[in-house]
Amino acid sequence: MLKRQPISSLVDSLKEKKISVQELFDQFHEVAKENKNNSYNLVLDPEYQKSNIKASQERYSAGTNLPLDGIPLGIKDLFCTKGITTTASSKILSNFIPQYESFVTQQLLNDGAIFIGKNNCDEFAMGSSNETSHFGPVVNPWQNKNSPSEKLVPGGSSGGSAAAVAEGSCVASMGTDTGGSIRQPASLCGLVGLKPTFGSCSRWGIVAFASSLDQAGPITNCVEDAAYILNSISKHDFNDSTSSNYQRDDYIKDIDKKLDHKIKIGIPSDYLKNVTPEITAQIENTKKLLAGHDIEFIDVAFETTDYALSTYYIIAPAEASSNLARYDGIRYGVREGGSNLDDIYLNSRTSGFGDEVTRRILIGTYVLSAGYYDAYYRQAQKVRRLIKDDFQRIFQEVDFILTPTTPNEAFKIGEKLDPIAMYMNDVFTVPTSLAGLPGISLPSGLSSNGLPLGVQIIGNYFEEKKLLQLSNLIEKELSFNE
Amino acid sequence: MSNNWEMVIGLEVHAQLKTTSKLFSSSPNLFGSEPNENVNFIDSGMPGMLPVLNWACIEKAIKTGFALNFTINKHSVFERKNYFYPDLPQGYQISQFEFPILSEGYLDIDQPDGSTKKIRIERAHLEQDAGKSIHDIDPKFSFIDLNRVGTPLLEIVSYPDLSSAEDVVNYMSSLRQTLMYIDVCDGNMQEGSLRADVNLSVRKPGGELGTRCEIKNLNSFKFISQAIEFEFQRQIEVLEAGESVEQNTMLFDTNTGETRPMRSKEFSHDYRYFPDPDLLPVNLTDEQINQIKPSMEELPHDKMNRYINEYKIDKDISKVIIAEKENTVLFEQMINESDVTPKNIASCLVGDIFAFIKEKNIEVLSLLEFTKDITDLLKLISEDVISNKAGKEILPQVLEGKGKPNELVKKMGLEQVSDSSELEKIIKEALVGEEENIAKFQGGSDRVLGYFVGKCLKSTKGKGNPKLINKILLEKLKK
Numbered sequence: 001m002l003k004r005q006p007i008s009s010l011v012d013s014l015k016e017k018k019i020s021v022q023e024l025f026d027q028f029h030e031v032a033k034e035n036k037n038n039s040y041n042l043v044l045d046p047e048y049q050k051s052n053i054k055a056s057q058e059r060y061s062a063g064t065n066l067p068l069d070g071i072p073l074g075i076k077d078l079f080c081t082k083g084i085t086t087t088a089s090s091k092i093l094s095n096f097i098p099q100y101e102s103f104v105t106q107q108l109l110n111d112g113a114i115f116i117g118k119n120n121c122d123e124f125a126m127g128s129s130n131e132t133s134h135f136g137p138v139v140n141p142w143q144n145k146n147s148p149s150e151k152l153v154p155g156g157s158s159g160g161s162a163a164a165v166a167e168g169s170c171v172a173s174m175g176t177d178t179g180g181s182i183r184q185p186a187s188l189c190g191l192v193g194l195k196p197t198f199g200s201c202s203r204w205g206i207v208a209f210a211s212s213l214d215q216a217g218p219i220t221n222c223v224e225d226a227a228y229i230l231n232s233i234s235k236h237d238f239n240d241s242t243s244s245n246y247q248r249d250d251y252i253k254d255i256d257k258k259l260d261h262k263i264k265i266g267i268p269s270d271y272l273k274n275v276t277p278e279i280t281a282q283i284e285n286t287k288k289l290l291a292g293h294d295i296e297f298i299d300v301a302f303e304t305t306d307y308a309l310s311t312y313y314i315i316a317p318a319e320a321s322s323n324l325a326r327y328d329g330i331r332y333g334v335r336e337g338g339s340n341l342d343d344i345y346l347n348s349r350t351s352g353f354g355d356e357v358t359r360r361i362l363i364g365t366y367v368l369s370a371g372y373y374d375a376y377y378r379q380a381q382k383v384r385r386l387i388k389d390d391f392q393r394i395f396q397e398v399d400f401i402l403t404p405t406t407p408n409e410a411f412k413i414g415e416k417l418d419p420i421a422m423y424m425n426d427v428f429t430v431p432t433s434l435a436g437l438p439g440i441s442l443p444s445g446l447s448s449n450g451l452p453l454g455v456q457i458i459g460n461y462f463e464e465k466k467l468l469q470l471s472n473l474i475e476k477e478l479s480f481n482e
Numbered sequence: 001m002s003n004n005w006e007m008v009i010g011l012e013v014h015a016q017l018k019t020t021s022k023l024f025s026s027s028p029n030l031f032g033s034e035p036n037e038n039v040n041f042i043d044s045g046m047p048g049m050l051p052v053l054n055w056a057c058i059e060k061a062i063k064t065g066f067a068l069n070f071t072i073n074k075h076s077v078f079e080r081k082n083y084f085y086p087d088l089p090q091g092y093q094i095s096q097f098e099f100p101i102l103s104e105g106y107l108d109i110d111q112p113d114g115s116t117k118k119i120r121i122e123r124a125h126l127e128q129d130a131g132k133s134i135h136d137i138d139p140k141f142s143f144i145d146l147n148r149v150g151t152p153l154l155e156i157v158s159y160p161d162l163s164s165a166e167d168v169v170n171y172m173s174s175l176r177q178t179l180m181y182i183d184v185c186d187g188n189m190q191e192g193s194l195r196a197d198v199n200l201s202v203r204k205p206g207g208e209l210g211t212r213c214e215i216k217n218l219n220s221f222k223f224i225s226q227a228i229e230f231e232f233q234r235q236i237e238v239l240e241a242g243e244s245v246e247q248n249t250m251l252f253d254t255n256t257g258e259t260r261p262m263r264s265k266e267f268s269h270d271y272r273y274f275p276d277p278d279l280l281p282v283n284l285t286d287e288q289i290n291q292i293k294p295s296m297e298e299l300p301h302d303k304m305n306r307y308i309n310e311y312k313i314d315k316d317i318s319k320v321i322i323a324e325k326e327n328t329v330l331f332e333q334m335i336n337e338s339d340v341t342p343k344n345i346a347s348c349l350v351g352d353i354f355a356f357i358k359e360k361n362i363e364v365l366s367l368l369e370f371t372k373d374i375t376d377l378l379k380l381i382s383e384d385v386i387s388n389k390a391g392k393e394i395l396p397q398v399l400e401g402k403g404k405p406n407e408l409v410k411k412m413g414l415e416q417v418s419d420s421s422e423l424e425k426i427i428k429e430a431l432v433g434e435e436e437n438i439a440k441f442q443g444g445s446d447r448v449l450g451y452f453v454g455k456c457l458k459s460t461k462g463k464g465n466p467k468l469i470n471k472i473l474l475e476k477l478k479k
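As you go down the protein sequences, you meet chains A and B in turn. If you use our numbering, the first sequence corresponds to residues 1 to 482, in order. If you use our numbering, the second sequence corresponds to residues 1 to 479, in order.
Bear in mind the hints are in silico, worked out from the structure with no lab data behind them. Every value quoted in this text rests on a predicted model; they were computed, and no experiment measured them. Misleading hints may appear alongside valid ones.
[Stated by the list, open to error] Listed below are several chain B residues computed to face chain A (Cβ distance under 10 Å; list not exhaustive):
1) P47
2) L50
3) L53
4) A56
5) I58
6) Y83
7) G91
8) S95
9) A130
10) P139
11) L146
12) Y273
13) F274
14) D278
15) L284
16) Q288
Even glycine gets a Cβ: it sits at the ideal position worked out from N, Cα and C.
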């Protein structure tokens, strides 16, 4: 069984000719094409990938294989893929075929990866359960052992990506995270989800939701796989003005290295104020797992946590309302008729956008409007600065911060109808996003219903290397994969 | 009736920056291409496309800052101005709002009485231009040309310091001249490289400011003057009828010469400006600002002073030359290439050469390749090889590239006869049978001398050196 094998061992098998690139692709493609959890908006035809598979195989034969050669990956349908329909799970882009490849997916292609298909997600990445997709909800491959007939959400917005990895239809999937969209679904599907520092991975060619928050990252079976993918996608890109030109590390090298000095991990008490004992237990378990290492746990307290969600739900919709203005039915995408220009705009956008997207465009338009800007948008920017400062204050004391990833396990499709209840799902991931810090979600155990739960580790800016080393250590101790 | 009222005008000038590519994309910044030829994924607002600042635009803004006495702000921010229109693919225009790159400058303009007036400039900011919507090709469809999308503009906003159409034209032409001199804008108003929005209100002299109307998108001096005069009278009529001026955006109809309201401000957009999260703030260091200084071209006013003081050229002639930058390019190339006096070059330039350019309707700079020939010709005149008159005959041939001056002189047989023995012979002949006139001269009538010179020139078919003829004649006659 090749599923759940780390990328490194798959590459070894391919090198040693234990399996061919075609065979590997077929194994995953077979699961993908059934699409039983609706985790794909589009599964690519094997014919389409034929030449890529052949080229990859030739590189293995010649001993010139690339770091991700032949590895089947899922791609969230938010990344523009050249010649392949890219919809952002929205009706308005349901017929859109980009003539360009996003920077991040281009890096993966350059490293030999083979795409299985485009993963379903929340419409324009707006949602926490993958229920806002124009193409229907994604089903979490995990089942509640006490109620197995219930269909559960995989989380969102990268819900299709998480479900695809969990169901074994791809080795890993590229997601994007604006307020928790990689970490939360990874947690709800028992996977590793990494949101890198803002500026690590270029946003060029990713359908924009909230430009100051959007960041690409992988959802994987294990920490080492996340490191493999980060090695490929984290590069400076001149075409993204917010792409950082800092010197990247090799994230694979020394990932198994033992901690060479004592580290301090902060546990924010304010994150654990209103959570169930089951969630608190995840933190306690993680502490216990690391008991044998030279790690000190320190209680820390943020001053701004209570304001993070409101701040996020002003800034993200504000940016979204402007970012989504280009979808007007004029140049591409779905256009509805109308007797004059305003009608064409009104009809195309009313018909093209779903309820959640419409709601956020309205919120965003409101908070930027004359007379409200200072009270909402400007104020939110000020609070955002305080949140960043708050993190930096804590990072003077500790190396990492350990929190739950989500306040709950996977819930039923259709269960959370109130938008605010839905937004609460991101309460632990949003502060990290506002601060632009790297965060990773790791599986930490199962709930009483047998559903996966996760913990989040937050590092300081561009400290992905150390973050991955610590995560790798926790993963080893937990041996969750067995 | 306008005697009882005065106008108060502020100007918003949009200058298209002369750069190779657009403000935030690598598409060519060109006028006159086929529709939608200079459009890439960024310009057409494709999903996931991101703007990248073209640094050349910052440099042009800094140059403008130096030229117009601005404070160059070390911190400026690009913001999004949100509105929907088919020729605005992103659904927002990237502009500067709260933090412009330039603040508080001024420009001195000449007044009819010879004094200057200081026009204060509130700010100048960088922004993207929109595309063009074309509504008159088809009765049912509108057409969109995105070539102009993303073209860099510098919007220069004056204080309401202008008080007449003449003021506005003076300010605008002085601004145009300056921007062209520093290579920031090509100044081509017909192509829309420079256009103005006029904010006009009227008041009783010294009274409180009235409600203003904005006349949009004027792209010629003639239209600017017409629009101002019309709008001035219109507002007076409204006020004198006891009504009040409504704050409006006006369009100027070039066919009727009238202004009419475009949209009322109360229906105008709320642009929802906010900092563009795709772009970093522009933070400049003193070093970055100051390193632009050495590359600054000489400003028109400085150039004029240099012409007057260094080249000893009359103020009026200097003014004519500096009016257009290209004149100065031609002029200075001629000065640099020869030892003919700048004064001689200048008078030939503003006289015969400008007349030729006007007559043939050609570009000034098209003559750059003939500057050496022109000065060679001027040298032949100053060295008495040919007469001034012959020079005038040869010049058009030189400017049309029909040959080198010395070849043309020979070919056209215009070489001056300066051989004194030959001239003496001619003079001798001319004096035969002129005893009466010779006596007159010797009796004190100078006018006779001119008669004799003319007679000698005639017999040399105009090629005789008049100075030499004069000299020999005097010698002969005094005997």
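Hint by hint, here is what the structure shows:
no.: 1; hint: P47; result: 5 Å, holds
no.: 2; hint: L50; result: 5 Å, holds
no.: 3; hint: L53; result: 7 Å, holds
no.: 4; hint: A56; result: 16 Å, violated
no.: 5; hint: I58; result: 13 Å, violated
no.: 6; hint: Y83; result: 9 Å, holds
no.: 7; hint: G91; result: 2 Å, holds
no.: 8; hint: S95; result: 13 Å, violated
no.: 9; hint: A130; result: 13 Å, violated
no.: 10; hint: P139; result: 14 Å, violated
no.: 11; hint: L146; result: 9 Å, holds
no.: 12; hint: Y273; result: 8 Å, holds
no.: 13; hint: F274; result: 5 Å, holds
no.: 14; hint: D278; result: 5 Å, holds
no.: 15; hint: L284; result: 16 Å, violated
no.: 16; hint: Q288; result: 17 Å, violated
In this structure, the hints that do not hold are numbers 4, 5, 8, 9, 10, 15 and 16, in rising order.
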